[in-house]
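Number of protein chains: 2
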Amino acid sequence: MSQLKILLDESDIPTQWYNIVADMPNPPAPPLGPDGKPIGPEALTAIFPMPIIEQEVSAERWIDIPEAVRDIYRMWRPSPLFRARALERALGTPAKIYYKYEGVSPAGSHKPNTAVAQAYYNQQVGIKRLTTETGAGQWGSALALAGQMFGIEVRVYMVKVSYEQKPFRRSMMQTWGAEVLASPTNLTNAGRKILAEDAASAGSLGIAISEAVEEAASRDDTNYSLGSVLNHVLLHQTVIGQEAKKQLEKVGDYPDMVFAPCGGGSNFGGIAFPFFADKAAGKQVRLVAVEPSSCPTLTRGQYAYDFGDTAGLTPLMKMYTLGHDFIPPGIHAGGLRYHGDSVLVSQLYNEGLIEAVAVPQIVTFEAGVIFARSEGIIPAPESNHAIRACIDEALRCKQSGEAKTLLFNLSGHGHFDMASYDRYFSGELEDYDYPEEAIARSMQNIPKIAGA
Amino acid sequence: MSQLKILLDESDIPTQWYNIVADMPNPPAPPLGPDGKPIGPEALTAIFPMPIIEQEVSAERWIDIPEAVRDIYRMWRPSPLFRARALERALGTPAKIYYKYEGVSPAGSHKPNTAVAQAYYNQQVGIKRLTTETGAGQWGSALALAGQMFGIEVRVYMVKVSYEQKPFRRSMMQTWGAEVLASPTNLTNAGRKILAEDAASAGSLGIAISEAVEEAASRDDTNYSLGSVLNHVLLHQTVIGQEAKKQLEKVGDYPDMVFAPCGGGSNFGGIAFPFFADKAAGKQVRLVAVEPSSCPTLTRGQYAYDFGDTAGLTPLMKMYTLGHDFIPPGIHAGGLRYHGDSVLVSQLYNEGLIEAVAVPQIVTFEAGVIFARSEGIIPAPESNHAIRACIDEALRCKQSGEAKTLLFNLSGHGHFDMASYDRYFSGELEDYDYPEEAIARSMQNIPKIAGA
Numbered sequence: 005m006s007q008l009k010i011l012l013d014e015s016d017i018p019t020q021w022y023n024i025v026a027d028m029p030n031p032p033a034p035p036l037g038p039d040g041k042p043i044g045p046e047a048l049t050a051i052f053p054m055p056i057i058e059q060e061v062s063a064e065r066w067i068d069i070p071e072a073v074r075d076i077y078r079m080w081r082p083s084p085l086f087r088a089r090a091l092e093r094a095l096g097t098p099a100k101i102y103y104k105y106e107g108v109s110p111a112g113s114h115k116p117n118t119a120v121a122q123a124y125y126n127q128q129v130g131i132k133r134l135t136t137e138t139g140a141g142q143w144g145s146a147l148a149l150a151g152q153m154f155g156i157e158v159r160v161y162m163v164k165v166s167y168e169q170k171p172f173r174r175s176m177m178q179t180w181g182a183e184v185l186a187s188p189t190n191l192t193n194a195g196r197k198i199l200a201e202d203a204a205s206a207g208s209l210g211i212a213i214s215e216a217v218e219e220a221a222s223r224d225d226t227n228y229s230l231g232s233v234l235n236h237v238l239l240h241q242t243v244i245g246q247e248a249k250k251q252l253e254k255v256g257d258y259p260d261m262v263f264a265p266c267g268g269g270s271n272f273g274g275i276a277f278p279f280f281a282d283k284a285a286g287k288q289v290r291l292v293a294v295e296p297s298s299c300p301t302l303t304r305g306q307y308a309y310d311f312g313d314t315a316g317l318t319p320l321m322k323m324y325t326l327g328h329d330f331i332p333p334g335i336h337a338g339g340l341r342y343h344g345d346s347v348l349v350s351q352l353y354n355e356g357l358i359e360a361v362a363v364p365q366i367v368t369f370e371a372g373v374i375f376a377r378s379e380g381i382i383p384a385p386e387s388n389h390a391i392r393a394c395i396d397e398a399l400r401c402k403q404s405g406e407a408k409t410l411l412f413n414l415s416g417h418g419h420f421d422m423a424s425y426d427r428y429f430s431g432e433l434e435d436y437d438y439p440e441e442a443i444a445r446s447m448q449n450i451p452k453i454a455g456a
Numbered sequence: 005m006s007q008l009k010i011l012l013d014e015s016d017i018p019t020q021w022y023n024i025v026a027d028m029p030n031p032p033a034p035p036l037g038p039d040g041k042p043i044g045p046e047a048l049t050a051i052f053p054m055p056i057i058e059q060e061v062s063a064e065r066w067i068d069i070p071e072a073v074r075d076i077y078r079m080w081r082p083s084p085l086f087r088a089r090a091l092e093r094a095l096g097t098p099a100k101i102y103y104k105y106e107g108v109s110p111a112g113s114h115k116p117n118t119a120v121a122q123a124y125y126n127q128q129v130g131i132k133r134l135t136t137e138t139g140a141g142q143w144g145s146a147l148a149l150a151g152q153m154f155g156i157e158v159r160v161y162m163v164k165v166s167y168e169q170k171p172f173r174r175s176m177m178q179t180w181g182a183e184v185l186a187s188p189t190n191l192t193n194a195g196r197k198i199l200a201e202d203a204a205s206a207g208s209l210g211i212a213i214s215e216a217v218e219e220a221a222s223r224d225d226t227n228y229s230l231g232s233v234l235n236h237v238l239l240h241q242t243v244i245g246q247e248a249k250k251q252l253e254k255v256g257d258y259p260d261m262v263f264a265p266c267g268g269g270s271n272f273g274g275i276a277f278p279f280f281a282d283k284a285a286g287k288q289v290r291l292v293a294v295e296p297s298s299c300p301t302l303t304r305g306q307y308a309y310d311f312g313d314t315a316g317l318t319p320l321m322k323m324y325t326l327g328h329d330f331i332p333p334g335i336h337a338g339g340l341r342y343h344g345d346s347v348l349v350s351q352l353y354n355e356g357l358i359e360a361v362a363v364p365q366i367v368t369f370e371a372g373v374i375f376a377r378s379e380g381i382i383p384a385p386e387s388n389h390a391i392r393a394c395i396d397e398a399l400r401c402k403q404s405g406e407a408k409t410l411l412f413n414l415s416g417h418g419h420f421d422m423a424s425y426d427r428y429f430s431g432e433l434e435d436y437d438y439p440e441e442a443i444a445r446s447m448q449n450i451p452k453i454a455g456a
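Line by line, the protein sequences give chains W and G. Note that the working numbering has the first sequence beginning at 5, numbered continuously upward. Note that the working numbering has the second sequence beginning at 5, numbered continuously upward.
Keep in mind the hints are simulated off the structure, nothing from the lab. A quick note: this is a predicted structure, and the numbers were derived from the prediction, not measured. Incorrect hints may appear among the rest.
Since the list gives no way to pick one copy over another, a pair counts as held whenever it fits inside one copy or between any two copies.
[Stated by the list, open to error] When the alpha-carbon atoms are kept at most 20 Å apart in a straight line, the in silico SDA-like pairs for lysine to any residue are as follows:
id : residue 1 : residue 2
1  : 9         : 74
2  : 9         : 72
3  : 254       : 12
4  : 254       : 127
5  : 254       : 13
6  : 197       : 366
7  : 250       : 14
8  : 254       : 186
9  : 132       : 436
10 : 100       : 75
11 : 402       : 20
12 : 408       : 12
13 : 9         : 283
14 : 132       : 432
15 : 100       : 79
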């Protein structure tokens, strides 16, 4: 019997994070202040600890992972790499399909990879509280877990639509000692402003970020922690791709294509960036970011400087954006409901170094069920996006007879998303059209930056 | 950094199941017919395939695991053994605590270890449908998964209280293609009888078993599959203890005590029986079954011949029983709500070869939260029983200064039990007194078997 799970020892957990900036043809576009002028690191000290800020602006290829962080990683890392033989049989494809399974973390997704690092650095500088936002709840539960491990209080602003769709993600955060609020709230100016406009607002990641940032900026003992988008977050997630490369080496294989869901970009960056290092060195590998067609940032957005949050509290970042006040439809992949995208991912896409595809909601659940019935694991709705794109490629291989090697990031399990699967089975799941008018409206509000 | 996870290779998955009957001082008490006379294997052919019946009555020490079953086991086996260093620190105990984590299976518990074997043997004899019961839903989801893997239709009678407490366990079973009904139903005589007496019946494992057995006995293409209690089920679960022994050997350790939750007995038998083999050979090791004080089968039950189900459709089995029509309080550890116990576990307990302890509900959740906040993993309510007993022993070690080595079976995660954790946190969780009167009543109905 050939091996299904390709495992590594704890000693194989990466000792350094990979910083893609060192291999990018051009330096990342700098963040700008409201005045359109580049801001310095000091502008971030109100909400981030200095070690994180240094990582945010670093151009070093390799950054050491603190032993205290690796020590926590050992709870679930190295995560397994699976050869999806049953899925290959179910599809009748000549393609070889591998998936890296990050759902083995206690929080059930890849998010703890950066949550643990961020909690550690904040603890190091004496921070007692962290605020953050969460969509599907995967990030919030990851930070709740990490805060618990380092004795830091955590307050989570959870996007209301997810708070209602996924009550047990909230319970999970509370089990790890975190406080969870449905965003928008009445506790912040940003939240009150939204509620004044729409008391029934379903919320969005952009709004929740505004609330968490506003609170962190207003308290000395409190910092803010972001689950995606920023350079240091993608940096921390590169343990995924580094392990995957080592695991594929063990079986003498290498992917032709790598797929990952893409919301803010850390899921994609985590698995894809270490392969980009090879691509930069001349190796052939296609890196595909998969986003929801109802929030098609890379495929339909505008490449421009925009705010990372709805209220415009963050610095301006050069990214593909649908407009910082765009509120995506309430799809069940809450983690992909973000108006923008990582500066690094956006620039790589703009320079044609990576690819992107947008998929509608229902077929992603169809893919998730095909996967669950062959491989056993029930995937998170976010992960279903990567599975959909990977299955589509495997079916193309079936047509063409090509035996491509495909890898995707199974970023999390769907144990807290069964209500979404219920809606899929009952035929109540919605497919949203591309929200043409809403996006046209929100794009009007992308700030005009001279010369940017 | 010393190792946290002790892993094995796929090649280390046991190739044989361990049959404890070969090492028991006395042969297991035989099942009896309603007439009080021992029944032969043929009496079981209406609901079980012959290979399963042969395992049920076998006295062979080792029974080969079919390659097709090991092939499916590789999806999650070998499961990890963890050294609970963070829990040890949190307790300040000199004891060494290890736990075997079965929650890594797609169904999230140890149950697929036998579900896969049972589905395989039924497929081998041409069975197209399986019926079963489920309490917490862990068994039902395991059989749904296994049925999906072998192309067998599965109908699950789910105890109504759990059906209502754990709707997403139902969704999970449906994701794997199974049909799920809230028991008692109107589809069987057994169900109709209960509903006639109490239309609002919360159900029980005993009732659900009656319904599933009744249906299976009435259809040629349909067999019945049981998730615990029977010899062959405990046999299949011995992969857990076999792996745990090998993993402890890797770190040069051996347990002084082994703890496992005990409902029907397969959770306990799975981890404890392979250690009993050493005990039978003279090794010192204490094996402790942990049950709920609201359904204290071993610690307060009567050792007598009784039916395995409420309606009295099964053969009579010699076991500790609270009476086959006892309906336990609606505790959240649905998998432990069973009036009886495995014949093998009961006989070992009666002969003083294993120990048992009963614990009330609230302190089991307290233990689960202590565990979740140190080790990260959120345990199933059933598992919390073993954690409670293990923590209590670790705290005794703290008093005595003994550095005992403790092992428990973390039989599943609590991702589908967060509503129960919510009740614990909100102070709404009930502690049931020992149901003195109800048990006195149901014990009246234990059949009087001459000479047994």
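Right, here's what the structure says about each hint:
1. 9 / 74: Between copies only: 13 Å across chains, 22 Å inside a chain, cut-off 20 Å.
2. 9 / 72: Only across copies: residue 9 and residue 72 sit 16 Å apart there, 27 Å inside one copy, limit 20 Å.
3. 254 / 12: both (9 Å within a copy, 16 Å between copies)
4. 254 / 127: neither (37 Å within a copy, 35 Å between copies)
5. 254 / 13: Classified as both: same-chain Cα gap 12 Å, cross-chain 14 Å, threshold 20 Å.
6. 197 / 366: Neither. Shortest intra-copy (33 Å) and inter-copy (43 Å) distances fail the 20 Å Cα cut-off.
7. 250 / 14: Both. Shortest intra-copy (13 Å) and inter-copy (18 Å) distances satisfy the 20 Å Cα cut-off.
8. 254 / 186: neither (45 Å within a copy, 47 Å between copies)
9. 132 / 436: neither (42 Å within a copy, 39 Å between copies)
10. 100 / 75: For residue 100 and residue 75, the Cα distance is within 20 Å only across copies (18 Å; inside one copy 33 Å).
11. 402 / 20: Classified as neither; 39 Å inside a copy, 39 Å across copies.
12. 408 / 12: This pair counts as neither: shortest intra-copy Cα distance 24 Å, inter-copy 30 Å.
13. 9 / 283: neither (26 Å within a copy, 34 Å between copies)
14. 132 / 432: neither (44 Å within a copy, 31 Å between copies)
15. 100 / 79: Cα proximity of residue 100 and residue 79: across copies only (17 Å, versus 29 Å in one copy).
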